[in-house]
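Keeping the supplied structure of chain A fixed, place chains B and C upon it in accordance with the hints.
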Amino acid sequence: MAEAGAAGPVHATFVAANVVRIYGEPLAEMPTDLYIPPDALEIMLEAFQGPLDLLLYLIRRQNLNILDIPMAPLTRQYLEYVDLMRAKNLELAAEYLVMAAMLIEIKSRMLLPRAAAVVEEENDPRAELVRRLLEYERMKLAAQKLDELPQLGRDLLAVAAYVDRTTSERLPDVHPRDLAEAWRSLLQRARLHAHHKVSREELSVREHMSRILRQLREHRVLEFREMFDPGRGVAVLVVTLLALLELARETLIEITQSGSFAPIYARIAHAQSD
Amino acid sequence: MLNPTEAKRIIEAALLASQEPVSLAELKRLFEDQIGADTLRRLLGELRDEWSGRAIELVNLAGGWRFQTKPEFQPFLERLNPEKPPRYSRAVMETLAIIAYRQPVSRGDIEDIRGVAVSAQIIQALESRGWIDVVGHRDTPGRPALYATTQAFLNDLGLVSLQELPPLEEVARTLELEPPPSPAQAEPAQPAAG
Amino acid sequence: MLNPTEAKRIIEAALLASQEPVSLAELKRLFEDQIGADTLRRLLGELRDEWSGRAIELVNLAGGWRFQTKPEFQPFLERLNPEKPPRYSRAVMETLAIIAYRQPVSRGDIEDIRGVAVSAQIIQALESRGWIDVVGHRDTPGRPALYATTQAFLNDLGLVSLQELPPLEEVARTLELEPPPSPAQAEPAQPAAG
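Protein chains in written order, with my numbering: chain A, 1 to 274; chain B, 1001 to 1194; chain C, 2001 to 2194.
Only chain A is shown next, with the shape it has when bound in the complex (with noise of 0.2 Å):
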């Protein structure tokens, strides 16, 4: 049979990891036949997932058809075993035993003379052990199919480039709005009065307070007409002129003129003490 063939190296691949011994000499291959030396009965019953797997192996190494599994021989050999391990004072699992009873029940229901008539496949008292040892290898055999799937991390390793974070380390996101909440909270908390409200036109004389003190701590000292664009309109006139008298009178510029209709100077107060 060809799956008896089939079968065989299923047991050589699984049984590598835990090498039987006999009289010391390891054993390369699972027996082929029935008979399994005393020493190596222990070792080999590891090998087994359980009562289905040695089933299943006796049932291969006879090259038996499954689905006309003779009850009478493997019921004895596999009593035969139960003797051996109950002889080595081998723990014996339950299921091993339960198996045992169940092959002795099946042995003897098929020993009763039944009227033909009545006998179809499914009354058939091996049937449902064939059910089950057929789906018990059919996942067998699934299982050594996964695990001969390339595996990450046994067979494989995904790429991970490292990823440079630190150039480009991420900065809080500030909405204009969150200026306009937080300025509310602060008013809400410290009930601030008149002189904390700020206006469109107000911002626009600070703006240019501020880039007026940028422009002089570059040049220092700025002719006055220096300090006023003309092109860009009348409204940015009237608020560079509302920002130079704010910052004069705020004392952070020195506003210097000789004589009259002589030029006007502007220059960072106490500029020169720097």
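Hints in this document: simulated from the structure, not taken from any laboratory.
One thing to keep in mind: the hints can contain errors.
Said to hold, decoys possible - Pulled a few chain A residues facing chain C out of the computed Cβ check, cut under 8 Å:
hint, residue
1, LEU112
2, ARG132
3, TYR162
4, LEU171
5, PRO172
6, ALA180
7, ALA182
8, SER185
9, SER204
10, MET209
11, SER210
12, ARG217
13, VAL221
14, THR251
Unchecked claim - Think about it this way: if two alpha-carbon atoms lie no more than 25 Å apart in a straight line, the pair counts; the simulated DMTMM-like pairs of lysine to aspartate or glutamate are:
hint, chain 1, residue 1, chain 2, residue 2
15, B, LYS1008, C, GLU2078
16, B, LYS1028, C, GLU2072
17, C, LYS2028, B, GLU1072
18, C, LYS2028, B, GLU1078
19, B, LYS1084, C, ASP2049
20, B, LYS1084, C, GLU2032
21, A, LYS145, B, ASP1109
22, B, LYS1008, B, GLU1057
23, C, LYS2070, B, GLU1032
24, C, LYS2028, C, GLU2050
25, A, LYS145, B, GLU1046
26, B, LYS1070, A, GLU148
27, B, LYS1084, C, GLU2078
28, A, LYS145, B, GLU1032
29, C, LYS2070, C, ASP2049
If you're wondering where the values come from, they're calculated on a predicted model, not measured in any experiment.
No residue lacks a Cβ here, since even glycine has one placed at the ideal position from N, Cα and C.
Chains B and C alone, transformed into the frame defined by chain A:
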């Protein structure tokens, strides 16, 4: 607007920088949805071809696209990281197979098929690997948890979907060689039944 | 024996699959010390050149060699994994608001308005962001620095000028602190915040 070569370079960088598969939807986000799915798929195909001669390949998995080393180069790469990940035992792999092919299943279902008790460690090993998770509970006494495989399971085994699992049919066919025994044969077939 | 191209493909795979920089000694182990350091360095140099046109580059760091994304492609990659944008603390935002609306102001002015001390870190955070700078010093004891917002501040907030900042008249009105300003009050009639 980016030209296709630039777009490909950016896709390549994004995929090379990500350990997890990157989905088409995520790749679209890379370009603020300015590049359509069809174009992306074409670029990914080109990229895969460009990489074909190397030790790293671009593969399409359940979770999206991922660059990964080719298994045949693993012997070299293992020299860098001598600690090999543990191979899963037969018990773990059989449990995984049952969950993969028969999902959703309870621990009891798995025990029925394997014929032995399934230890909590086995389930736990698969859960902590992220390969299985609880997808529900069966409405029977004790409300046993029902397990199924995850997308990470597919990704880690190089699969796009469960349909790509190795087929089971083959196994079944080799076993159904002969008709079930006829009633007449039932007894004579077992001469040793004493 | 491997030819140089094969060796390069393996080095490339090892570097791309490693999270950490890989040292020359480790790379030698990749080939069981069959390839010398000089040859490895040459191969690494070639590899770096081969990658130069891409969005990922091969760099030599103290700990070894590493593939990393080029900074200019970072904005694309960030779209894939959008980090939650950090937020400035209330203290920073209030300080910025005071500087924006009341500039030029000293740290003392800010403290007067906020009613609490302003830490150096707050000023420093805004300065290093390039949003504020010192535009002068007040002619008072200690000559305190006067802060103003910069062009970068306007650019980053998408404003053409400070006048585009939300007007605060409504704020005052909702708080019923004072009547809405009449058009006649267009002039900055208010005395500066001292």
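### Query
How about THR251(A): closest beta carbon in chain C under 8 Å, or not?
holds (5 Å)
### Query
Given the proposed pairing of LYS2070(C) with GLU1032(B), does the C-alpha separation stay at or below 25 Å?
holds (20 Å)
#### Entry: Interface hint outcome for SER204(A) [beta carbon to chain C under 8 Å]
holds (5 Å)
#### Entry: Hinted pair LYS2070(C) and ASP2049(C), Cα distance within 25 Å
holds (14 Å)
### Query
Regarding the pair LYS145(A) and GLU1032(B), is the alpha-carbon distance no greater than 25 Å?
Violated, because 41 Å separates the two Cα atoms, which is more than 25 Å.
### Query
Between LYS145(A) and ASP1109(B), does the CA-CA distance stay at or below 25 Å?
holds (21 Å)
### Query
Hint check: is the beta carbon of VAL221(A) less than 8 Å from a beta carbon of chain C?
Constraint on VAL221(A) not satisfied, violated at 14 Å.
### Message
Quick check on the hint: MET209(A) CB to chain C CB, less than 8 Å?
### Response
With Cβ-Cβ at 6 Å, under 8 Å, it holds.
### Task
With chain C as the partner, please determine if SER210(A) meets the hint condition of a C-beta pair closer than 8 Å.
Constraint on SER210(A) satisfied, holds at 3 Å.
### Task
For the hint on ALA182(A), just tell me whether its beta-carbon gets within less than 8 Å of chain C.
holds (4 Å)
### Query
Has the given pair, LYS1008(B) with GLU1057(B), been kept, meaning a C-alpha gap of at most 25 Å?
holds (15 Å)
### Given hint GLU1046(B) paired with LYS145(A) - CA-CA distance at most 25 Å
violated (31 Å)
In this structure, the earlier hints numbered 1, 2, 13, 19, 25, 27, 28 are contradicted, and the remaining ones agree with it.
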